[in-house]
Structure formats: structure tokens, C-alpha cells
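A.B. asks: Residue numbers (this note's numbering), protein chains in the order written: chain A, 1 to 301; chain B, 1 to 809.
Where hints are given, some of them may not hold.
To be verified - To spell it out: a stretch of chain A is covered by chain B in this simulated footprint if at least three of its residues, at any positions, have a beta carbon under 8 Å from a beta carbon of chain B; those stretches are:
#1 121-130
#2 244-255
#3 272-286
By construction, these hints were calculated from the structure, which means they are not laboratory data.
Keep in mind that this is a model prediction, so the values were computed, not measured.
Just so it is clear, CB atoms sit at the ideal spot from N, CA and C, and this is done for glycine as well.
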Amino acid sequence: MKRGAGAAAEAVPPADGTRALGLVFPPADDHYTEMQLDFVGRIAEAAQSYDYDVLLTTGSEVGDPPFQRVLTRNRVAGVILMEIKLTDSRVDHLMDLGFPFVTIGQPGVEDAWWVDLDFVALGRNCVRHLADLGHSRIAFVNRSEQFFRSTYESAHRGLEGFNQGIEELGLNGRMYFCGDDVASGEACLEQILRDDPATTAVATLSEASLGGLYRGLRRAGRVVPRDFSVVGLMAGRWAETVAPPLTAAEEPVGEISRAAVELMMERLKSPGTPPRNVLLRPLISIRASTGPCRSAPDARF
Amino acid sequence: MAQRGSAVRENSPAHPASPDLATVIVSAQGTVLGWSDDAQRLLGHSPEVVGHAVTGLLAVDTSHAAWHALANGESWSGRLAVRHQDGRRLDVGMRVCPSLDSEGKAHGWSVMTVAPYSPGNEAAGGPDRVGLERPFAQASVALATFDAELRYQRVNSLVGKMLGTEAEQLRGRSYADVLPDGADGGWLRRLRQVARTGSPARYDGYLGDRAWNIEMWSVKDASGRVCGVGTAAFDNTEQHGAHQRLALLNEAGARIGATLEVGRTARELADLVVPRLADFVTVDLFDAVVEGEEPPAWEVGAPVLLRRAAYSSAVEGVPELAVGLGAVDTYPPFSPPARCLAAGRPLLSGLDDPDFVRWVEGDEIRSAGVHRDGIHSGMAVPLRARGIVLGVVVLWRWSRPGSFQRDDLLLAEELAGRAAVSMDNARRYTRERTTALTLQRSLLPQVRPQQAAVEVAFRYLPASSDPGVGGDWFDVIPLSGTRVALVVGDVVGHGVHASAAMGRLRTAVRTLADVDLPPDELLTHVDDLVTHLSDDDGVNAAGPPGESGATCLYAVYDPVSRRCALASAGHPPPSILYPNGTVTTVGLSPGPPLGVGGVPFEVTDLELPESSLIVLHTDGLIQAVGQDLDTGFAQLRDSLAAASPSLEDTCDNLAGSLLPERPPDDVALLVARTRALHTDQVATWSLPADPEVVADARAQATRQLAAWGLEAASFVTELVVSELVTNAIRYGEPPIQLRLIRDRTLICEVSDGSSTAPHLRRARTFDEGGRGLLLVAQVTQGWGTRHTGNGKTIWAEQLLPTSSRWAEP
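Chain A extracted, bound-state conformation (with noise of 0.2 Å):
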């Protein structure tokens, strides 16, 4: 996986002898999550392969100083941006600039470089999923509704597939919005249970909320797999830890990260090329939390 430095160095000449990219990933809440930090480590990994240092910044905004400090004085050759909105301020600011910026994630403009998980897709494979086990009636949750109206384009995504799927299979699907802390999650299973008691799938897009969706199904009688599956949209390395495991697609952190770089360092070496996109696709690790649906009449097995 290791490139060779020499050759990196060779095919990146230095312009401005800056050999530093930035990355501005502002932390959810206060802090990094598990997950961000893998991002962290594996982009400046990637990085260091074409003997780049990484400048790390907060910044979720276009005002926020520390994001305008990593744009001053050349101290970085480019920027990788993350935790994309649909509409993001920064994102207009560096094309104005014209400032070359990778985002993770996709941007709501034109002319942008960028990588991203097709959550579209991904949304859809869970209907899908589901549906091949026989299930009907299926719950989509979804981040909290401050995060979603925040215009995070992953949550939009998601759930345009989770409809994609449930439309062209002919099913029954509710969307619920859901804050990442257990009671939330809790909360969020009586609800999708009193709106409707037949159902017996949930797809989530809800990671953290996920320990609570569990709780309330026990609390409901409801034995996973047995009675009710469950499918993530998207699960980190956690998805093990859970009883029982999440069936759901492994955020690829790795690919990704090696993607923006490389993205980068063509768009650093050769800076009249056409912008380019890197949609992934993972598919759902099936682990135990999704079984076959025994109410419904269907049902293959």
C-alpha cells in the first residue's frame, strides 16, 4: 500500500515548497468520535505515502477562524474537507478562491472535487435487503431532525434511497428522526411501534442511537432476529460489539481516505484537469441482526 516516496516526490513537484495538506474536519459535539479520529489517522497515512504532512483544523463554517488560518500565508498546498452540508459555506468560499479542495463527502455545487458513499444506494440496499427476507413494513431512522435540517447531506441521501426502495418494491416505510444518545433511540422504537405494530424491520442511519432501539425492542418482547430485524445504513468497527452484531455496510474508512488524497494530489500536479468524483458503494456486511420475516405470509423460508 506503501508508494514509493521517491516516485511520489517526483510526481508532485513542490510549487511553492509547501508539502502540508489541510484537513478541516470540525468534531461532532466537542469532541471526535471513534470514527473521525480513524479518519484522521488513515488521511494523514495516505498523505505521508506522497510525503505530505496534514495540517488538522476545525471549521464547520466559512467564518470560524481556524479555517480561515489554515488559508493564509500558503501554509498548506490544499485542503480536504469534511462533514459536507448540502449547501456549506466553505465550499463556496474556496471556489471562489479557487483554492484546490478536496471535500468527503458531497457538496451541493457543480465543478467540486470530491469522494463520497453513494447513500442513496445504500439506503436502497436496506429496503432491499429487508425485502429479501420478506419484510414489508420497514421504519427508517434517521439522524435528528437539527442535523437533518442542517442540510448534512448524508442524512438527505439516505433517506431519498430508503424511499427510492420502499417505492419501487411496493412497501410500507415511515421515516423517524432520532438524536444519537441511547433515549432518543428508546424513544424512537415505542414510537415507530405504536405508530405501526406490524412493523418488523428498522433501516438506521442512527449509530449512536443504536444500543437504545435495542433496549426498546427487548422492552417490546420483540427477539432480534427472531422477531424484528435491524440494518445499518452505516456502521463503523462498533457494529461487532453490539448483541447481536449490526448487519449493516462498513464505512470504508480507508478507501476513502486514499481516495481524497489521490484526488488531491491530481488535482495539485496537473491543475487544469476537469473536476472528479469517487462515489463508493459498500455493500451490507451481513452479521446477525436481520433475519427472515415470519409474519410475513411470503416469506421464502
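With the hints as your guide, set chain B onto chain A.
C.D. replies: Just chain B, lined up with the frame of chain A:
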């Protein structure tokens, strides 16, 4: 003769030529049996009169009391007139001494002493002293007289020879003082008994290397008091030897060949002949004989290689063995054993045989046997039976003085012949048993098959009884997707028939396992097969044991799901030791034995934690003599609870604690410790039935290989994933799953919900999709289909890239 002559001269110096005492041996019928030269001088007749009636010779009236005593075996002495050969009348004193047997009865002949009568002789208290002296001294039997204290009084020279001392030195000495070494006290006791009771006695026994038959009678004075004892000893060696040989032969019949073991028979022969015939014996056999084969032809004139099968010595460690038990000795062609083998005849050898000397001198140990231990005579006898020579038995003498004689050789040949027949029987039995065991073993797995699902150890223990082998078998069959099948079965009956039936069944089970049938279906197929085989064979109750009635346990363990599916056809259930120490016997519904048919087999599904120990076995393990099954299972569980970390030790411990010394039934035992494949070795994905997903699946597989450090396998894997996923989407039904397993090999599996297989397994040609499979078949190590409860799985297996750090799982 010289000795006897000198004794005569010394004892009667005053009457050098006087024929004063004649000895004649006469039968009860009055026929002359012996005629001494004194009798010729005194009475004129030459020894040619032997065979004639003594009454006629001496012209004595047959009504005379002397003749009466002779006829009745009584002693008599007195005066009598007889006629010389020249016709003159002689007045003589005559004494008739009957020969008595041990019970004091007349023995059929009497010694008659005749002396010229003179009144002076009578006054001296008996017949003429000089007249008695000569016949006594010159008697052909060893004569001795003792006084009442059992001191030697008078002996003839033969007694000196008998006791190995000079006759004249014996006079006045107590008998006990001159008892030769090795003689027992029996003679002395008898002698004392005669002196005490006055009744005659007889003693048979050895003195030195000769056997003697000794008559003893009391001598009484005029008052009837015992004043001495007379003895006459006859050399009985030849007869005694014949008797001993007969006894030895008789005993050989009872002692040799008690078992069907070649080595044991050799030992029995060796133990029998020492010390009675020889002091030292070795039994050497051709190697092939020990293994149950016929000995190979060997080139005459070449050295003979023989393995020591037995030896025995009168004194342990003497002489030193040239080769130890079980070692091979080389006999040069001129050595007596090699010569006897070449000639096929027994032969005598010893110090007078130059080849013997040459052979012995060529070997330090053998040379010491001769020079230090005194080996002086030997016999080499071939062990021949049914026209083949199995080996050679060599007998030596070193402690007893006499050389082996012709008679000994005949005896040794007879004994060797008997032993050889027994050995040949044992050899043939060994061969048959070996053949059956070889067959059995060739039908059983010899090595652990390559698989990573379980760690296994197994044993096949033949029964100790008759043919030993039976129809028990076991198997470990690697299946697709890193699963493994564990099989144990038992065919009714023993012997080669059972082994052959077992072989057929094992092959059937293997073949069906290769098609990846679930346990219940597999047993159903085997059951059908057995039914058909029985019909075809026309087996009836009296026929040889067949597959019908055989039992079988088939278990499939999947290290990914850690589930074990079992089905049994009348077979004892397995026992399981869980990692937490709990031991259970699996409660499964045993189904009918194979060939019964009609009743479905049921699958029992168990989830086994990693490192569980499964013990599969045949009923021989738990059905030791006098036990019911429940006790056997309980004992098995107890032994299993104390299982050691080593599977091999566990096998040995189970067999050791549950089986008697000589198990009555054969036993197959299979112990398996389960492994589990963890999430870092297995990845499973759900695939929507959408052709678009093929690219995603390819990318996902590549991503996974990168995470495993197996980038080298990406190209082939992408190809396989593309083909299999495309097929599944195009022809299969949802749900579709992709699975990658990184184990000893890299396995790529695509499952879907349709049970339609793409084609026969390992098809070479197919339609459009099938060409994809052909491609898959060419780039991978193997591929196949298996049917599951809810569809099918197509799998393809690749070798791991050797450069990978994961090459060693």
C-alpha cells in the same frame, strides 16, 4: 579287565589257579543264562552251555531242594553232589541267590555259586571264601556288600567305576562319604531301609551321567539278624534314556503350540529342551516367518540371515548370546546351522567338527562359549513343516559331559518337527490376520485430511478375539466453505467380509458427502444404496455380513456458524465436552440402521462454542463386557471430563479407561476439537438482485482483500465474483449473498434462494452463464454447488498467494 584281574590276584594270592568258586546265572526254569570261566574250570563245561538246562549239565535230580528253591526264586545253600563234564562226581557247596525286584519278589533268575566242598569251609561260617571271591570280583554287575553300619565291606571294580573312585579305597568307608556329586539321597535312604527292615529294595537313579538300577538285599546271620546289605547295580542308561525321550516327546505334545504365536511357540520349544536334552538352545527364524510370510528361497552357499526368536539356557547368561533376542544373526555357509538348513537334515556337531571350530573361532563370543563355558557338543535341526523350512534350532551342551548321540538327534528332530508345524500354523494365522488388518487399515484414513474446521485425532482398535478386524470405520471429509464432515460407522460382523462391506459404505458416504448433501439426505441415500446392495447380493441370514444393519453417524460442522448438524442411522450418539467443562451425550433421534428403510432420518442441530470436543465412536467403546449402554456412556462422560489438552492423549485415555485389556469388539474412535472462523476471516454481504450491484460487489471484494493483505488475489477474485454474482442475479432468486472466507484457501461463495443448480457439478460446457463457470473453473482451484435448506450456494476456491503474510492461517 586288567583291573578285575589285579583285584583277583590281590584278593586271593594263595590260590592263583584254583578253580574254587564258580558263578552261574540260572533262570527260574533252570536254563543257564551265564557261565563264568571259573565255572568252566570247576565243572568242565565251556560257556557254550548257556541256554541248556543246568540240571542236565550237572546231572542232579530235579527233585532236589536246590532246584526247588531255584524254581521258586528262593535262596538256598547246602551240599550237593554234581557231575563234572568228564563224568567224575564232585561234592560241592552250592548257594542259590535269587534276584528280587523292589517288592522282594523273585525276578526270574538267580545267581548260583558253586564251590568244592570241604568241611573246613563250613566251619569258617560259609562257602569257601576264595571260591566266592573271584566270581564276586569278576561279576559283570557292580556288586558291593555293606556291614550293618553301612560301611563298604567288599566291592568289585565296577563299583569303583560307578562311583568314580578306586574300589579298594572304599572298604570301611561309609556309603554317605563317597556319594558322588549330584547323586540324591534316595539311594542312601533305601539302603538304610533295607538294613533296618531286612526286606529287599530297588533304586533307579542317576550317578554321574549313567542311569543305574540298583538291587539291594539284606544279609542275615544264622540267627536271622541283619548283619549287612548286598547291592548289585545294573547300568540302565540306554533304557532310561529311551524312557526319558519318550516322556519328553509326550510333554512336547502338550506344551508346544498352545498358542497361534510364532514367537511363543519358539519359546515353548526352547524351554522344553533345556535342561533335559541340552544345556543351551537357540531358535532362529527367517524374518518372513515372523511376519507371516513364506520364507524366501536363499542361495545355497550364501550366508543365512536369521532372526533370533527364542533361547534358553540351563544357567541364565551362560554362554553369552552371540545375538540377542529379536536381532539378526548371519550364519556363514560352513557353519552347522547353515549346513543343516542347506541339507534340510539335522546334524551333529562339536569340537571334532573342523567347520564347527572354524565357525566358532571366527566369532569372539562363540569362541568364549567354547573356551570359557565349555561348549563341546551341538546339534542343528531345521524347523521344517509342510515342505518349507522356517528356521533352525541349535542345541548345545556345555555343562553335562556326554556328547549328543544319534538318539538325541532323532529326538531333537521330532521335537523340532512338532514345533515347526505349530509355527507354520501360527505363521498362516498371522498372515491371515495381517491381511485382514491391512485391508481394514487401507480402508481407513491414514492421515489427517487437510482442513481447518476441526483438529482431529482418531484410533482404530481391532478386537483381540479371532480375526480381530471388524467393520468399524471413521472418516473426516473436508467440505466446501471450510466445513467438515465427521463420520463414524459400524458394519455388523467381523473379518474380511465386514471390512469389505465397510469399504463400500465408506466410499458411498464419501461420494455423497462430496455432493454436499445435508446429513439426513445423505443417510437416506446410503440407506437406499444398502437396500439395493442387499437385494443384488441376495444376502440371507446365513450369508456373510453385509452392509445391511450397519449403523452410521454423520455430522457436519461449520466453523463459520459454529453449528454442527448431525444425523444417525442407529448409531450411538456422540458426546461433547464443552469449553466450560460440561460433558453431555447428544440427545439425537437415532433413526433405524441402514438397510431397514421407511423411517426418515432426523437432523439435530447444535451450536458449539469454539474449542468444544466432539467424541464419535462405535459401540465397542461403551459396551465393554457386562455393561449396559447407559453405564458405558456415563463412564465415557467421566473419562471425557478429565480430557487432556492433547487430542492424541485424549484418545489414548479414553481407550485406556473404557476398554479392557483385550477388547472383545473392534472400536473406532474419532475425537475432534472445533475451531471457529472469526469475522476477520469471513465476510458476508447482502446483494440486491440488480445487475448494477455486480460492480459494487467486485469493489467490495477488492476492499476486503486489501484489508486481509491479499491484494495479489484481487484479479481472480474479481473475476469469480463477477461471474458468480451475475449468474445469481440473472438465474437465481433473492436473497443473494456473497461470502469471502480466508482460511487455508480463499473461498468465494455466492448463495441465492433458488435450488436450481446451474448445471451438473464440474460441468465443462454450459450456456452463456455456464461459460462464466468454465472460466471460474479454470482460474480457481475448484468450484462446486451445494444445496441448502433455502436455496443453493456456488463456491470457488483459490490458493492463497504464497507471498502473503496470511499464507499460514
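A.B. asks: Enumerate the violated hints, using their earlier numbering and listing them in ascending order.
C.D. replies: Nothing - there is no hint that the structure violates, so all of them hold.
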